[in-house]
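The listed protein sequences correspond, in order, to chains A and B.
The first sequence maps to residues 1002 to 1486 in the numbering used here.
The second sequence maps to residues 149 to 397 in the numbering used here.
Among the clues, some could well be false.
Per label pair, the in silico range of CB-to-CB distance [as the list claims (entries may be wrong)]:
(1) A:A1339 - B:D330: 50 to 58 Å
(2) A:L1474 - B:L254: 40 to 48 Å
(3) B:H258 - A:D1177: 45 to 53 Å
(4) B:F272 - A:T1376: 26 to 34 Å
(5) B:R370 - A:A1153: 48 to 56 Å
(6) B:L254 - A:A1418: 17 to 25 Å
(7) B:D330 - A:D1256: 29 to 37 Å
Covered stretches of chain A (chain B as the covering partner; in silico rule of three or more C-beta atoms under 8 Å from a C-beta of chain B) [unchecked claim]:
(8) 1243-1253
(9) 1278-1292
Just so you know, these hints were derived from the structure itself, not from any lab.
Quantities reported herein were computed from a predicted structural model and do not represent experimental measurements.
Every residue, glycine too, gets a C-beta built ideally from N, C-alpha and C.
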Amino acid sequence: MGSIALATAVIAWLLAVPAMAVAQKGDAAAGKAVYDRKCAGCHGVKGDGSGPAAELLMPRPRDFTSGVYKVRSTVNRVPTDQDIFRTITDGMPGTSMPGWAALPEQDRWNLVAYIKSFAGDKLQEAPRKAELPPDVSPSPASLARGKEMFEAIECHKCHGVEGRADGVSRAELKDDWGHPVKPANLSKRWTFRGGAGRVDVAMRMAVGVLGTPMPAFLDAVEKPEDIWHVTNYVLSLGPEAPRYATLITVGAVSDAIPDDPAADLWRTMAGQSIPLMGQVIVDPRNFNPAIDMITVRAVYNEREIAFHLTWDDPTPSKPDGKETFADAVSLQFPPAAAPGGVRPYFLMGDASDAVYLLRWQSDQGVLEVAANGPTKRRALTGGEVSGRAVFDNGQYRVVMKRSLAAKDAERITFRPAEFAPIAFQAWEGGAGETGARMSLTSWYYLRLEEPRSNARFVVPPVVALLALGGMLLIVWAANRRGQPA
Amino acid sequence: MSFLRSRFVQAVLILVLAAVLLRYGIRPPAPWSVFTLYMAIVFMGVLVFVSADADSWRSFVRPLWSVLVDRDKRYLRYGLMIVIPLLLGYYAYTQAAARPQAPPELRAVHPAPPDSIDLRGKPFNISGAENPLRKDQASYATHVAAGAAIYFRNCMYCHGDNLDGQGHFAPGFNPPPANFQDPGTIAMLQEAYLFWRIAKGGPGLPSESTPWNSVMPAWEDRLTEEQMWQVIMFLYDFTGQQPRRWESH
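Please construct the entire structure, taking both the sequences and the accompanying hints into account.
This is the structure:
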């Protein structure tokens, strides 16, 4: 009994420690020392959001003198200290604000005190905590009601029908400072500024996101519990976190491969997602790339290879050659395997080593290109490429097909069971991306899977039977021999 | 506690204890191959221990023998004859069904720097080079501040606000951006080494670092010589690390 009481006491104490931390007060003067080292690079020494990096970032770093905080759990404009503490600790996903959990907890509380001091008397009012209605767990009925309310309170106007940040008023959205602001892509929960948890999503909906066009819906929904129905619906629009692939596997099929991106074959395959980052090496640099992920499905048969690519893009762009350009993606390969695994420069090769690009462009379809750098591109003609694209609710799905064997030395030949380097590039023409202004990856590997043998069904029973036989033999021998000497 | 006197129980205890110690007692965790190697050595030691004399060996073998022949242990015997083949069969399945992984890229993380590089058409000696800005102690703070501004406009996206290699572009790239807070990076390198890496970037890596996949730009295209030295000063100042000095001859 004594040990149980002791264990209870220890657990109670452990639980009490974080609770005590919540009540801690920060020291603004000590916070300044941390702030000047860790935060001023973006938020500026004066806290006005104008550090050296500010103009390159989208969204821009917070101007603390405004006293406006995006992430809060209150019904008035003042966040709780815990809200600010949490934003410092977890960062703002989808922006350049990282989580600062590596800083000692006391430092983070000191930062809270110092950051609040920038706002002068704008944060004088006491925060009034928002009360969420009782949680409603997800169910088909809840999802149906959530979808209904999603349209009724016009979430889709900004976030899009499927939640892919492609709503009709998307282009007109501005924050309180007049900077253009993008609606959240609800199918990419890991980029939610205030966190991807159920309560986080419900709270953002309930009290809104200050400084942005996202209003508070706590009083706008028909019944309070609708907050949870819509939350359940939003959570159903995408996974909580992406599972990025490190190897692109191309499955083997024996039938003809469909051109249609909506064909059943593609639906039955698991997608392999790859994160894309901004191109910041050659001018014009792209610090805030529009396309951050491509999902790949790929198959081959004895003649052809086909890539099915899925990515989010708010609009199918109609190029005007000035501000709007064609939407495009490229798959990049070295034309030939080099000894020692040496590959061309990942950024579309260089003067001495060319790369081969299998490219889809919204105005020209599937193309083959040889490149010796981002600006030195030559169209390759005479190849057999085909493909089709569909655009649906803020998402492109494209199929690109090509023969396995190369026509000439400038193109890659795909061979089963070999690792071939592959890299990805993408352009959102509607966001002005063209030429070197793109998002990209470095080299990954691609592998054409051999048709799977049945070894995995044959070998294990054989091993098990052999083991059983061996054991029977040992038991038989032992019993024959009688007692040990 | 009489069962502790059984050699068999002792042998099992030693093996379990060794496994727990090797698995959880070593930080950072030892790779699986090292773990199996050490366990094999422990197992051989245990065999030597239990077979030290005839009594000991008999004490070790008795429970095993009993499971094999005794009538009252027959259910245990049948159970083992089901469980062990199943386990082996499952292991064979995991091996046969394994899918290929991307090939590992073994590369020299800190390749030897060249003696001299070509910096915008001029030869530049790396070997023995010192940061020229450090002589001017009066302007130390100015240079660090200038370095900070350069860092936040150019390097932060990959190497991170906290210089820990966790910038918001970092998850997209392999090899991951260098973590300057790690004592295994800038603290064990001379400033001239950093100058070379910053000036020449991924494209300037020597052949022993192939197949290189670094996306580090060659900053000589964008930053002046002084700016590169300033950002180096900022890296050391922010992290509180000291550069390694050239050995005096």
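Which earlier hints turn out false for this structure, listed by number in ascending order? Per hint list: 1, 7 violated.
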